[in-house]
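Build the full structure now, drawing on both the sequences and the hints.
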Amino acid sequence: MEPLIRKAMPEDRPFIEEIARLTWGGEDYLARVFDEWLGDNFYVLELEGKVIGTAKLTILPDKVGWLEGLRVHPNYRGRGYGWKLHSFMLELGKRLAREGKVEALEFATYFLNRESISMAEKTGFHVKAEFFVLGTKTEGFELEEPERVEPTLEDLTLGIIPVGWRFVRRSGEAVKWIRENAELYDFNGFRFLVSKKGTTFTPFDVGLATLKAMLPAMAWVAEERGRKSFDVMLPSGVKPLLPGVKRLGLFLWDETEEPNVFIFRKKPS
43 MEPLIRKAMP EDRPFIEEIA RLTWGGEDYL ARVFDEWLGD NFYVLELEGK VIGTAKLTIL
103 PDKVGWLEGL RVHPNYRGRG YGWKLHSFML ELGKRLAREG KVEALEFATY FLNRESISMA
163 EKTGFHVKAE FFVLGTKTEG FELEEPERVE PTLEDLTLGI IPVGWRFVRR SGEAVKWIRE
223 NAELYDFNGF RFLVSKKGTT FTPFDVGLAT LKAMLPAMAW VAEERGRKSF DVMLPSGVKP
283 LLPGVKRLGL FLWDETEEPN VFIFRKKPS
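The numbers in the sequence shown follow this note's numbering, run straight up by one, and end at 311.
Keep in mind that the hints were calculated from the coordinates and are not lab data. Treat the numbers as computed from the prediction; the structure is a model and nothing was measured. Mixed in with the good hints, there may be bad ones.
[Unchecked claim] With a straight-line cut-off of 30 Å between C-alpha atoms, the simulated DSS-like cross-links for lysine-lysine are: (1) K288 to K92; (2) K179 to K164; (3) K218 to K164; (4) K309 to K126; (5) K92 to K239; (6) K98 to K254; (7) K281 to K239; (8) K239 to K254; (9) K49 to K98; (10) K179 to K270; (11) K270 to K281.
Listed below in structure tokens is the structure:
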């Protein structure tokens, strides 16, 4: 029986929850965003009545079609289903480009996700930017409450801004989107960003002293959201500071001295 790619439906939830439970050691966010994603270019791959894969295209500021949520159930990997979903989403991107809704396709992936990187390279994507993502636990800090503030264009001091695992370009349209999807905090004059539902933080000053000052406030936000650990996304330019960053209590998920998050981009043609 040929697999079918169709829009996700509410009754797909049990299948999505199973895929999420078996991905990233059960830490996958897919089940948490299921209701939010329904009806918004969220697709599943169905085989013999069972959903075994997912993929999503989110339109971000400046007409970027952001590809995310590409998953294949572990029992069905290695059979080309990831390629089938990826190809389907590229065709969707072309259609949205013809409709004037999308001007570029982008996605982010971890450096060890070799299958996604291979698909990107074979389908015309190029690396647009690189970041480091590091983790830590809240218990290592004396929690300090930051002040919630409204973001402005002046706050966005990075050309490419991580908002969780989505990345937007600095623009007025991005400011509006960030206000709807993220929260900006100020702690003693230092500002950092975090998506409304996540605990991956983006500091807008990445010096060692300022990062050290912000970490207790980030830990406070993570604890408020019921999490005992959190991540920090830093631009690739911090590479010379990595030894000092690690001394602050942050650790790379996997040992590497190179950026471990890649942002890929291509024109939808």
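Here is how each hint holds up against the structure:
Between K288 and K92, the direct Cα distance comes to roughly 44 Å. Violation of the 30 Å bound is thereby established for this hinted pair. Distance check on the hinted pair: K179 and K164 sit about 38 Å apart at the alpha-carbon level, beyond 30 Å; violated. For the hint linking K218 to K164, the alpha-carbon distance of about 34 Å lies beyond 30 Å, and the restraint is violated. Annotation: proposed proximity of K309 to K126 holds, straight-line Cα distance about 19 Å (limit 30 Å).
Annotation: proposed proximity of K92 to K239 holds, straight-line Cα distance about 29 Å (limit 30 Å). With a C-alpha separation of about 36 Å, the suggested pairing of K98 with K254 is violated against the 30 Å cut-off. This hinted pair checks out: K281 and K239 have alpha carbons roughly 28 Å apart, not beyond 30 Å. Proposed proximity of K239 and K254 is supported: the alpha carbons are some 23 Å apart, at most 30 Å.
Among the hinted pairs, K49 with K98 is consistent with the structure: their alpha-carbon atoms are about 10 Å apart, no more than 30 Å. Distance check on the hinted pair: K179 and K270 sit about 6 Å apart at the alpha-carbon level, within 30 Å; holds. The suggested pairing of K270 with K281 holds, with an alpha-carbon distance near 26 Å, which does not exceed 30 Å.
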